[in-house]
Every structure is written in C-alpha cells, then in structure tokens.
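Each chain, letter by letter, is given below.
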Amino acid sequence: MGEPDFDSFPVVLHGHQFEDFPEGREFAHHWGRTITAGDNALFSTATCNWNPMHLNAEFARAHGHPDVVVNPMLVLCTVVGLSVEDLSETGGPFLGMENVRFHRPVHPGDTLTASSKVVEARESKTRPHTGIVTWHTEAHNQHGELVVDYQRTNLVAKRRLPKGG
Amino acid sequence: MSDLSALTGSNNYFEDFAAGQRMRHARSATIDEVENNYLSKQVMNTAQGHWNEEYLAGSPLGGGRLVFGLITGSMMVGLASQDTAENALCELGLDAVRFSKPVHHGDTITAYTEVLDTADAPDRDDAGIVRFKHWGRNQRGETVCELERLVLIKRRGSAAIPETETKEVK
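As you go down the protein sequences, you meet chains A and B in turn.
Going by our numbering, the first sequence wraps up at 165, each residue one higher than the last.
Going by our numbering, the second sequence wraps up at 170, each residue one higher than the last.
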C-alpha cells in the first residue's frame, strides 16, 4: 500500500480576513498566558535588557515589589502574540501601534488574557487585495485588572484561496 | 539590600536628561535563533512566517524568517535600557511605534535615542517622566523601527518606592 495523497488533505485554517473585521466586532483571544520567572529572565537577557528591576529580585523588592517586575516589552509581545491568530495571522505587515499604556506591573506567576475590538477598517487605496484595520486591544491579569492597552494597525488580506497554511 | 544606588549608574537619573539630548548606544545586537525564532514562539506569536524558514519563500518581504516587529522593538529598547532606564521606576508606555523595513535573521540592530521632553510626575516629587524617541537601524544603516517611550525615572537622591499602580498618562 502506498502513501496517501498528502496534497488532498485539507488544511485546518486559522485566523480571519479583512471581511471579518466590521467596526465594533470584539474578539476574546485564545489561551491566556502565565508569565513565569523563566520567561522574564530569558526574554530580558536575550533582548539585552539587564535592568535590575527585571533581573534582581532583591532590588525589585526594595522598590516595593513582591518579586522582579516582568519586562513590559515581554508583556506587550505576549499580548500581541495572543491576539495574532484572531487578528493578523493570515497575512499583512504590522504597520504600527499607538497609545501603548502599561497600567500596572506584572510579576512572575501572573496570568494574562487578551481581547480586542475593531476600531477602524478601510480599503487600501494602493493594494486592491488588502485593507487596513486598526484594533484596540486590552489585557487583564488574573484579578481582572487592566495591565496594558494599545491600538494596533495592520495591512490585512482580503478573502482569496487559502495559501496552504 | 544595603546600598541600592551602587547597583545602577550615577549619570542617568531624571535630572540628567534634557530635551534634545542624543545618544547612540554603544552595543549593537544580531537577531538570530534565540532572539526571533524562539522569542516569537515564547510570546505565543502563531504567525509562522516568524519561525518557518520556508513559509515566506518568494514573498516581497524577502525569503527566510521575518523577525517579529516587536522583537526588533524590544531589542532596540533593551539596547537603550542601561542608558535610559537604569534608574527608572517603571515604563509608562509607547507611542508612534512604526516598522519601516523587514528584519531577517542575521541582521544587526543599533539603537539611537533622542530625549523629546521631560516633565514632573503629576503625583510624586521624587521622580519625573522622560519621553524618549528611539530609532533602530540595521547593519546597512536603514531605519527598521522607531517609537516613542515614556519612562518614570527617579530623581537623584530619592528614596523612591514605586506605587504598585501607575497613574494613567494622557
């Protein structure tokens, strides 16, 4: 018996396209993420951010924190990461972000969940197969407190044949 | 911990920053397997163009793995962090974040900073707010990322203990 025809296996598609983003639509993003001490140490050192507030627990405690303060760029990257499947995985460059605000510190063991709302969706004048979408995203910790919010804008592909992944 | 101030620099307190001040940060960093391929997955970025070498073959963005823009941004902030946030109490926010050119594995980022303005903190007198503009350039001198960044920084001699909740910055 030979191998099956792998090209005939349907791709399990993820994500949304331009037509899925009417203004006002809300998304509760998948998974959530507990940020560990290891996450913070790895991310902070790998990005050359050796600030003792992020990597020296005694220094952070002396400033009133229960533990190191998780690098806010890790918080931001994680929240964007959690939103990628719903908002931007199907393609189109990341254009920019506005009004990123860190509302309270995150400490190791805190769990983040993210949600977004479509603020604006418009056709691209120069690229007929794409639109430009802006979302407002918020992330909360396990106590329901707002940790970070921001607006993000991407080029987003319009519907067409799936690209195979 | 007996003397906190011995752990951080003495020339980067709030009073040391003034609008117009410019810095080129001395250390640059190359983005490769750990910095993009791993960190993109660590932060749950499911877009496989960041960690699948084949996915973007033939794309106008260039073949190979495309670096997640916020990894470039985080590296830029990291490279600038000692000179701009070693005596910070907290990061308040970012504005006008832009990604102007694709970054690929093997590219090297250098960070540049200008102080846009400084202001008293609205709710405390032992620290102030500095607004920085950062640029990240690749090894060809092309700007790949830029952003503005608001940081709450201790005044010299303060025994600053941060509040656990920062106030909204307009």
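Where hints are given, some of them may not hold.
What the hints assert, rightly or not - One side only, chain A facing chain B, incomplete, derived with CB under 10 Å: (1) P52; (2) L76; (3) V84; (4) P105; (5) K117.
Said to hold, decoys possible - Straight line, CA to CA, 27 Å or less: simulated BS3-like cross-link-like pairs of lysine-lysine: (6) B:K133 with B:K101; (7) A:K158 with A:K125; (8) A:K158 with B:K101; (9) A:K158 with B:K133; (10) A:K125 with B:K101; (11) B:K101 with B:K41; (12) B:K41 with A:K125.
Stated by the list, open to error - Coverage of chain B stretches by chain A, computed from C-beta distances (three or more under 8 Å per stretch; other residues unrestricted): (13) 30 to 44; (14) 92 to 101.
By construction, these hints were calculated from the structure, which means they are not laboratory data.
For each residue, glycine too, the CB sits at the ideal point set by N, CA and C.
Taking each numbered hint in turn, which are not upheld by the structure, reported in ascending numerical order?
-> The structure breaks hints 5, 9, 12; every other hint is satisfied.
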